[in-house]
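Q: Residue numbers (the numbering used here), protein chains in the order written: chain A, 1 to 561; chain B, 1 to 561.
Please keep in mind that the hints were generated in silico from the structure rather than gathered at the bench.
Computed from a prediction, not measured in an experiment: that's the story for all the values here.
Worth double-checking, as some hints may not be accurate.
The list makes no distinction among identical chains, and a pair is therefore deemed to hold if it is satisfied within one copy or across any two copies.
To be verified - Mimicking BS3-like on lysine-lysine, the simulated pairs with C-alpha atoms at most 27 Å apart in a straight line are:
| no. | residue 1 | residue 2 |
| --- | --- | --- |
| 1 | LYS510 | LYS237 |
| 2 | LYS364 | LYS510 |
| 3 | LYS129 | LYS552 |
| 4 | LYS558 | LYS107 |
| 5 | LYS107 | LYS237 |
| 6 | LYS107 | LYS364 |
| 7 | LYS129 | LYS560 |
Protein chains: 2
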Amino acid sequence: MAENSTYTIGLDFGSNSVRCLILDIASGRECAVAVWNYSAGRQGVLLDPENPHVARQSPADYLEGLQRTVIEALAMAREEVAGFSAENVIGIGVDTTGSTPLPVDDKLRPLAFQERFRDNLNAQAWMWKDHSAMAEAERITELAREMRPQYLAKCGGVYSSEWFFAKLWHCLQTDPEVFDAAFAWLEFADFIPATLAGIDNVENLRIGVCAAGHKAMFNREWGGYPDAEFLDRLDPKLGALRQRLPAQAWCAEERAGGLSAEWAERLGLADGIAVAVGAFDAHLGAVGAGIADGRMVKIIGTSTCDCLIAPNHEPLPDIPGVCGVVDGSIMKGYYTVEAGQSAVGDIFNWFVDYICQGDAEMFKELTEPAGRLRPGQSGLLGLDWHNGNRTILVDARLTGLMVGFNLHTTRAEIYRGLIESTAFGARRILDRIEESGVTVREVVNCGGIAEKNPLFMQIYADILGRPMKVSASSQTCALGSAIMGAVAAGSEAGGYARPEAAQAALCKYKKEAYRPLPEHRAVYDRLYRLYCQLHDSFGLAETSFDHSGLMKELLEIKGKG
Amino acid sequence: MAENSTYTIGLDFGSNSVRCLILDIASGRECAVAVWNYSAGRQGVLLDPENPHVARQSPADYLEGLQRTVIEALAMAREEVAGFSAENVIGIGVDTTGSTPLPVDDKLRPLAFQERFRDNLNAQAWMWKDHSAMAEAERITELAREMRPQYLAKCGGVYSSEWFFAKLWHCLQTDPEVFDAAFAWLEFADFIPATLAGIDNVENLRIGVCAAGHKAMFNREWGGYPDAEFLDRLDPKLGALRQRLPAQAWCAEERAGGLSAEWAERLGLADGIAVAVGAFDAHLGAVGAGIADGRMVKIIGTSTCDCLIAPNHEPLPDIPGVCGVVDGSIMKGYYTVEAGQSAVGDIFNWFVDYICQGDAEMFKELTEPAGRLRPGQSGLLGLDWHNGNRTILVDARLTGLMVGFNLHTTRAEIYRGLIESTAFGARRILDRIEESGVTVREVVNCGGIAEKNPLFMQIYADILGRPMKVSASSQTCALGSAIMGAVAAGSEAGGYARPEAAQAALCKYKKEAYRPLPEHRAVYDRLYRLYCQLHDSFGLAETSFDHSGLMKELLEIKGKG
Numbered sequence: 001m002a003e004n005s006t007y008t009i010g011l012d013f014g015s016n017s018v019r020c021l022i023l024d025i026a027s028g029r030e031c032a033v034a035v036w037n038y039s040a041g042r043q044g045v046l047l048d049p050e051n052p053h054v055a056r057q058s059p060a061d062y063l064e065g066l067q068r069t070v071i072e073a074l075a076m077a078r079e080e081v082a083g084f085s086a087e088n089v090i091g092i093g094v095d096t097t098g099s100t101p102l103p104v105d106d107k108l109r110p111l112a113f114q115e116r117f118r119d120n121l122n123a124q125a126w127m128w129k130d131h132s133a134m135a136e137a138e139r140i141t142e143l144a145r146e147m148r149p150q151y152l153a154k155c156g157g158v159y160s161s162e163w164f165f166a167k168l169w170h171c172l173q174t175d176p177e178v179f180d181a182a183f184a185w186l187e188f189a190d191f192i193p194a195t196l197a198g199i200d201n202v203e204n205l206r207i208g209v210c211a212a213g214h215k216a217m218f219n220r221e222w223g224g225y226p227d228a229e230f231l232d233r234l235d236p237k238l239g240a241l242r243q244r245l246p247a248q249a250w251c252a253e254e255r256a257g258g259l260s261a262e263w264a265e266r267l268g269l270a271d272g273i274a275v276a277v278g279a280f281d282a283h284l285g286a287v288g289a290g291i292a293d294g295r296m297v298k299i300i301g302t303s304t305c306d307c308l309i310a311p312n313h314e315p316l317p318d319i320p321g322v323c324g325v326v327d328g329s330i331m332k333g334y335y336t337v338e339a340g341q342s343a344v345g346d347i348f349n350w351f352v353d354y355i356c357q358g359d360a361e362m363f364k365e366l367t368e369p370a371g372r373l374r375p376g377q378s379g380l381l382g383l384d385w386h387n388g389n390r391t392i393l394v395d396a397r398l399t400g401l402m403v404g405f406n407l408h409t410t411r412a413e414i415y416r417g418l419i420e421s422t423a424f425g426a427r428r429i430l431d432r433i434e435e436s437g438v439t440v441r442e443v444v445n446c447g448g449i450a451e452k453n454p455l456f457m458q459i460y461a462d463i464l465g466r467p468m469k470v471s472a473s474s475q476t477c478a479l480g481s482a483i484m485g486a487v488a489a490g491s492e493a494g495g496y497a498r499p500e501a502a503q504a505a506l507c508k509y510k511k512e513a514y515r516p517l518p519e520h521r522a523v524y525d526r527l528y529r530l531y532c533q534l535h536d537s538f539g540l541a542e543t544s545f546d547h548s549g550l551m552k553e554l555l556e557i558k559g560k561g
Numbered sequence: 001m002a003e004n005s006t007y008t009i010g011l012d013f014g015s016n017s018v019r020c021l022i023l024d025i026a027s028g029r030e031c032a033v034a035v036w037n038y039s040a041g042r043q044g045v046l047l048d049p050e051n052p053h054v055a056r057q058s059p060a061d062y063l064e065g066l067q068r069t070v071i072e073a074l075a076m077a078r079e080e081v082a083g084f085s086a087e088n089v090i091g092i093g094v095d096t097t098g099s100t101p102l103p104v105d106d107k108l109r110p111l112a113f114q115e116r117f118r119d120n121l122n123a124q125a126w127m128w129k130d131h132s133a134m135a136e137a138e139r140i141t142e143l144a145r146e147m148r149p150q151y152l153a154k155c156g157g158v159y160s161s162e163w164f165f166a167k168l169w170h171c172l173q174t175d176p177e178v179f180d181a182a183f184a185w186l187e188f189a190d191f192i193p194a195t196l197a198g199i200d201n202v203e204n205l206r207i208g209v210c211a212a213g214h215k216a217m218f219n220r221e222w223g224g225y226p227d228a229e230f231l232d233r234l235d236p237k238l239g240a241l242r243q244r245l246p247a248q249a250w251c252a253e254e255r256a257g258g259l260s261a262e263w264a265e266r267l268g269l270a271d272g273i274a275v276a277v278g279a280f281d282a283h284l285g286a287v288g289a290g291i292a293d294g295r296m297v298k299i300i301g302t303s304t305c306d307c308l309i310a311p312n313h314e315p316l317p318d319i320p321g322v323c324g325v326v327d328g329s330i331m332k333g334y335y336t337v338e339a340g341q342s343a344v345g346d347i348f349n350w351f352v353d354y355i356c357q358g359d360a361e362m363f364k365e366l367t368e369p370a371g372r373l374r375p376g377q378s379g380l381l382g383l384d385w386h387n388g389n390r391t392i393l394v395d396a397r398l399t400g401l402m403v404g405f406n407l408h409t410t411r412a413e414i415y416r417g418l419i420e421s422t423a424f425g426a427r428r429i430l431d432r433i434e435e436s437g438v439t440v441r442e443v444v445n446c447g448g449i450a451e452k453n454p455l456f457m458q459i460y461a462d463i464l465g466r467p468m469k470v471s472a473s474s475q476t477c478a479l480g481s482a483i484m485g486a487v488a489a490g491s492e493a494g495g496y497a498r499p500e501a502a503q504a505a506l507c508k509y510k511k512e513a514y515r516p517l518p519e520h521r522a523v524y525d526r527l528y529r530l531y532c533q534l535h536d537s538f539g540l541a542e543t544s545f546d547h548s549g550l551m552k553e554l555l556e557i558k559g560k561g
């Protein structure tokens, strides 16, 4: 039966490795997965011993990883899947990290490939977690507040040092030779599809609305990128650059081009098959996890990323403190609402590693007694700001807090209190989003914690008051990319006309979903009110609270049997 | 040279044992110390398997311990001290725990010595930590608020279940047979001197103002114990009892009587030597540590007890939230101001035991890196309310809080943060007391932490802004009792006319004192303002605070090199 099957390739470029998935787009079978770790620098990251904020990557690594993993995955599929043929691969989807811009020449080739820039860190890809452009980001925020407040309203009110224009401007100021040599800058997510499709000019380039909209203030409302007047105020060279950047941006389900003959040969695929427009890993992960109107996708790792979509037939109001509201950046026809917590798994890791000084086994030791506690029984309540608050306060200069300690407070109680505090943080985000009219009926979760920590999941179900499902795929990003490859190929080619149809066929969930328990919800609703009191008191300027009843209420809840 | 020496005996009755010190009152030499552990119950405490709040002690244990330790200490002194003779012992001082009342017959003999009550827990001594009278204490507080607010003003605003009348009333309500059989009730601190002096009637009984004033609302201002009208409202039998209780109370430096022939023979001491009026262990510990106007004594253990005295030639205003202001309860001519924190050492023990799961060695492991931190470098700030707040909030229903965690916060930082939080708590108490006009120029510290933890002591010196001395004697309670024995004997008998003179000769300090470092003080002053903000916000009713700058200020202080 595999003889008639149709396949797409999902390419997922992470921070340290690239992964290639070959998906049977009728059955949803994940036929083959190949992974390659970047070879340059430290785990693929090029560091500057002089400056801890620098994090760059080699574009050569990206292309080598692309070629190696596709070839390997195809070989695996041939071996594993009866009747598999690379000829039946009809499309390729791509997700990457971001904002990870890289300077390119007028043929859209990385400057890093030129001999003179080969060893210049500034000519490489500026990785998402590069923070060297902090001063520029602050200045961009200031200027936008003054001149163009609408730019900030879409990205949570603060422009980040991790983002496109801050990085470009920092390069301009610190290494004008590189900046001047660059014809344009491409996001990693746009560079890969452009390369695969053999696109060598901006006119034919189809950039993704995902990277541009979330990180470069690109919006149709104001005609694409920030206007030249604004960019000129930063530096006239940025204003001039704008003319060499695309005027339009595309959704990830759209076709960036057809696979070039050169790359078709290199990879062993058919010439001309669809290459989808690129997007960020979290967003295509959301697609792979089955994101839909009313169904939020939460990617739970060291931090979290919450993705929602809402139909765009009515304009969505700006949501204060929510970092990204972009039309079409996950799926055409929907606004994306993106939020997230700066630390979740990282908080538990800190507690186990730094405070308990335990290893991974410690989680099991803590989970058992923590699971036996009633909601509220620990008497503890915390603020989950150990790494600041990304949403809804957008404030890195916040810290963790815990209240309710007595002389018998145990590690397990603190561990549970930490989980609860992150769940309350998640609910605060959800509440803010729902205030804007977006509805969340259920949550699909991805990531190691979702798969391995039932206590965490049940607490989240109880606190969020919604069913928590777990994606059946452990590689939702690559799956989402493969889905977009299938939609970009289109139904005539044996793909799908719409991502919704592809998701209905291809996104699956683990059987066990976590459902809110009414008796737990009632207690957590009460604790959540106290959490909000602390949240607003310590997080919002010019608010005053009377906390004199808080400890007593925690004790009362603790005491109830 | 010992041939001409003069000695007194200091008896210190603790919670689990009695200790007898023989002191050379000219040189201050501690000639002999004997200790005996009570034999009844569990470590001397009689428990009720049905009621965890019950904690009683056997009066027989008290007398057996008295006799054994005096005889043993005299034998040791004879052996160790050349020329020592029991004939040169001129006085005996006594301190005990309290409030620890016991029912007695009309000859002031314990009911527990009667065959019919021998095994009745209610006929024994009701130990200070017995909490069976919680309901009665609440009712007493209510009634006093309504009828006699002045009663509460001297004891911090709340009458405790640990105190005299709550316990008597509980006995009356739950075991009227015992209550009715009791002619009177004596505090442990009064029972021992009365026994030694052979006093068998209330007319000759000299009770201490210490127990009566701090625990039984006894005050000359209103004619001694609470008036009969008030006690009648609790129960007419309590009003009737009042007539059988002494009308006057005495200071610990005064003579309760002369040693009876019977006890002189039993102990091997001279008939008729001075027996001082009894007082609480913490108060005579303060005497032994050299308490004086301007010199606070802090006993640092699992919890703390802060003692101050202020000359009584002008009336001292009531100090809100300070638990005991009594004229003469430490020394004649001075008001006592008593305060304390519900948990200090207990908080560190909790952290090491429950959270770090370490043993006593762990303190050393934590102290070294904690000591290398600058003030404020941890970024942490805490409220030290893990066991409630005794002074100045007088509120058991409070809990511990800590703010300022990040993903790199270490155990050592938390440990230092906990020490600092208790020091800020201590400063808040000190500030409140100083607002009433009492001055504190230096602090003398007793207890294991003061002797063994230089980091703790330096942090306290920096935060309290005063020199922190350490008492040279490790048994300041027994030393204080021996001093009072010497004053009760009087100068004619070779003793002292005044406690101040005895202290000048007999109280010594360790050479190393901890002095505030100006650069530390400046940072801690800043952190203390933030502590007060949290303290008042979480501790005081109907106050509102804007905490939005708090985390940022902690981060700013943390960041300063």
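Q: All hints are to be evaluated individually against the structure, with a verdict given for each.
A: Okay, the hints, checked on the actual structure:
1. LYS510 <-> LYS237: The answer is neither: 52 Å in one copy and 72 Å across copies each exceed 27 Å.
2. LYS364 <-> LYS510: within (22 Å within a copy, 49 Å between copies)
3. LYS129 <-> LYS552: For LYS129 and LYS552, only the inter-copy Cα distance (23 Å) is at most 27 Å; the intra-copy one is 42 Å.
4. LYS558 <-> LYS107: Answer is neither; intra-copy 66 Å and inter-copy 49 Å both fail.
5. LYS107 <-> LYS237: Answer is within: at 20 Å inside a copy they meet the 27 Å cutoff, but 104 Å across does not.
6. LYS107 <-> LYS364: neither (54 Å within a copy, 65 Å between copies)
7. LYS129 <-> LYS560: between (46 Å within a copy, 25 Å between copies)
The structure fails to meet hints 1, 4 and 6 from the earlier list, while all remaining hints are met.
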